[in-house]
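S.K.: Given the structure of chain A, go ahead and fit chain B onto it with the hints provided.
2 protein chains.
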Amino acid sequence: MKFVTNRNAFIKALNTVSRAISSKTTIPILTGLKMDVSESDILLTGSNADVSIQTSVKASNPDNELTIKSTGSIVLPARFFSEIVKKLPDKTMSLEVGDNFQTTIKSGNSEFTINGLDANGYPHLPEVDTENTVDLAADIFRQVIGQTVIAVSKQESRPILTGVHFTLANNKLLAVATDSHRLSQRRVSLPADDDGKFDVVIPGDSLKELSHMLDGIDQNIQMNLSENQVLFTLGDTRFYSRLLEGNYPDTSRLIPKSSNTKMEFAAGDLLSAIERASLLSHESRNNVIKLTIKPNDQVVTISGNSPDVGTVEEDLKPKSSEGEDLEISFNPDYMKEALRVFGQTDIEISFTSALRPFTLVPTENKEDFIQLITPVRTF
Amino acid sequence: MKFVTNRNAFIKALNTVSRAISSKTTIPILTGLKMDVSESDILLTGSNADVSIQTSVKASNPDNELTIKSTGSIVLPARFFSEIVKKLPDKTMSLEVGDNFQTTIKSGNSEFTINGLDANGYPHLPEVDTENTVDLAADIFRQVIGQTVIAVSKQESRPILTGVHFTLANNKLLAVATDSHRLSQRRVSLPADDDGKFDVVIPGDSLKELSHMLDGIDQNIQMNLSENQVLFTLGDTRFYSRLLEGNYPDTSRLIPKSSNTKMEFAAGDLLSAIERASLLSHESRNNVIKLTIKPNDQVVTISGNSPDVGTVEEDLKPKSSEGEDLEISFNPDYMKEALRVFGQTDIEISFTSALRPFTLVPTENKEDFIQLITPVRTF
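Note that the protein sequences, when read in sequence, are chains A and B.
Residue numbers in the first sequence follow the UniProt record's numbering, run continuously in steps of one, and reach 379 at the last position.
Residue numbers in the second sequence follow the UniProt record's numbering, run continuously in steps of one, and reach 379 at the last position.
Please note that a few of the clues may not be correct.
No copy labels: a pair is met if it fits in one copy or bridges any two.
Said to hold, decoys possible - Derived BS3-like pairs: lysine-lysine, alpha-carbon spacing no greater than 27 Å straight-line:
#, residue 1, residue 2
1, Lys154, Lys86
2, Lys69, Lys86
3, Lys262, Lys24
4, Lys366, Lys208
5, Lys86, Lys319
Don't read these hints as lab results, they were simulated from the structure.
Only chain A is shown next, with the shape it has when bound in the complex (with noise of 0.2 Å):
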């Protein structure tokens, strides 16, 4: 295989790739990149076994001034081949591979020969059907994940809690994630015409990295699923990730339907108000931080004490509160992770008693974002 390219455009696609390999991998090859030049592209993929990512570099963009010579497959070293490649000095590029999977890189007056691996070893993707397509405005979905994935459980103890739950049931798409300490759940409506239909979860990690990819963009993403891969298609890529095995817990009736005291604030003001609290929890070794709530005064008091190292105390005026006076404690982190996906809206915070899990809701679409944390028992 033989091609001529424009340097920063097979950087773009080595970069997008490159995501999703791992240098710590248990499977050798895997830390490589693969490339398959075909007459009309170079199709990159990166994986890590969990993760697999693919994109191409198309011979019928002109921005990327490819000029395939011949075809084959090799494996390069991913993270060595990236760092040559974008260390290049010239705007084009040319890559050749010779006997014995040597390859080599030419720009400018620089030449690179590197030891590749043969492509037949490097693990087949996974087949997805791409007939059921699910479209999503990636924006959204993005802000999907990032306001569920919080929840999702870094213990492995319980593997199906480290993933989103994920149904789609009436051109209602809801993700939901819990870590049995704290639960996220959101709500988003689908275009009327879409009348797909799944119940899956996608581990967290994946999420993240899925994530990351669609940050800034402004399309939509298809998605496919098999019995146990999710394939999500953007543009010219590909990412797939594995499907979590398991039945999810049954959430809904976890969340309260009533309420003893309810208060409203900026999201913003009460999360600045407990990252100062939580300064001092932490340094405690048990990092917890009360609420006392007194609707009548319309004053929430927030505190922290460690004996360690000190106390703190403050005031916070919340825009409206009512029902009974509460006292209730809670892990600040939770809280914290909870407030700043709101970001700068108001949030409606609602309060059974000092033991119940209690809820935060956006004041506005209440029913379509609604995050539960679980309170600590301090007495």
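M.R.: Quick look at chain B alone, frame taken from chain A:
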């Protein structure tokens, strides 16, 4: 003690002294920040035993909005206290020390009480006589540090080589560092009215900290010496460092007086080519690249070879070259660090033979800056 101050002005002073404070010290009280409040200012002190930094927030500067209500001293946990001050909600803050060194910090509706320590337990800073002062332009001195500190030894086997050797005589400041594989020497002429004289070795790590502090400063700093300490004064800030004890080796005899092969390059062009070649040498056990110099052909070939990974070769045309043909091998990292501190200037490289150190100097003012690199024997 009690004061009210503008929070940003106080943060600026906190950041300055925090440079010297490490959480990894073996002396517990040095994880703290000392504050001494007099009727005219707050004096802040941070130290890691090697380096101490002291700065003040003065009541006489209206920008500080400083009102001192009562005087006194306290030591507060530096990292934790800084985090609190940076997160406070209001533009001003107050600080008051109560019984048992309990310190209350207020800003807006937020109130922290943290446990302080008795300032009498904090070590005294060294006394440095401020009579024989040497004035240095901050930007020039920062350049001198940057150009020499790259060559200090990272090994503690010969402690004296972990510092930069500064000598002042006849209005010439000479700075030299060597780790015995390479050497960097810079000379600066001081204004003729300065008749100071000294010979000291300042630890490289102290100089790196000082260099950060001098970043973007466009004024003079004052240098004072005692037997085992150096004090740099920059406006309201004092930077103390211990000196290294022992005799610095005589380095003047290391610099070759003659050469058999000479070349001129734009430092940046050579740097790029060396960076490419080092990508390959870094993958190899012996991190070495080779220059093949043919002055008659006006070409230099930079090459690297690693049996496991591959080969690299690049032809570079020097701006000029003269003398004998030569093949010479060396550690590309020494070369990269040397070339980087030349910036965008033209340089002259002079070789004696394949096993003798070679030198790099700027093509202008060759006497004022010289770097020396020892080659590696590869046969």
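S.K.: Does each hint hold? Answer for all of them.
M.R.: So, going through the hints one by one against the coordinates:
no. : hint            : verdict
1   : Lys154 x Lys86  : neither (35 Å within a copy, 30 Å between copies)
2   : Lys69 x Lys86   : within (22 Å within a copy, 60 Å between copies)
3   : Lys262 x Lys24  : neither (48 Å within a copy, 46 Å between copies)
4   : Lys366 x Lys208 : within (25 Å within a copy, 54 Å between copies)
5   : Lys86 x Lys319  : between (53 Å within a copy, 26 Å between copies)
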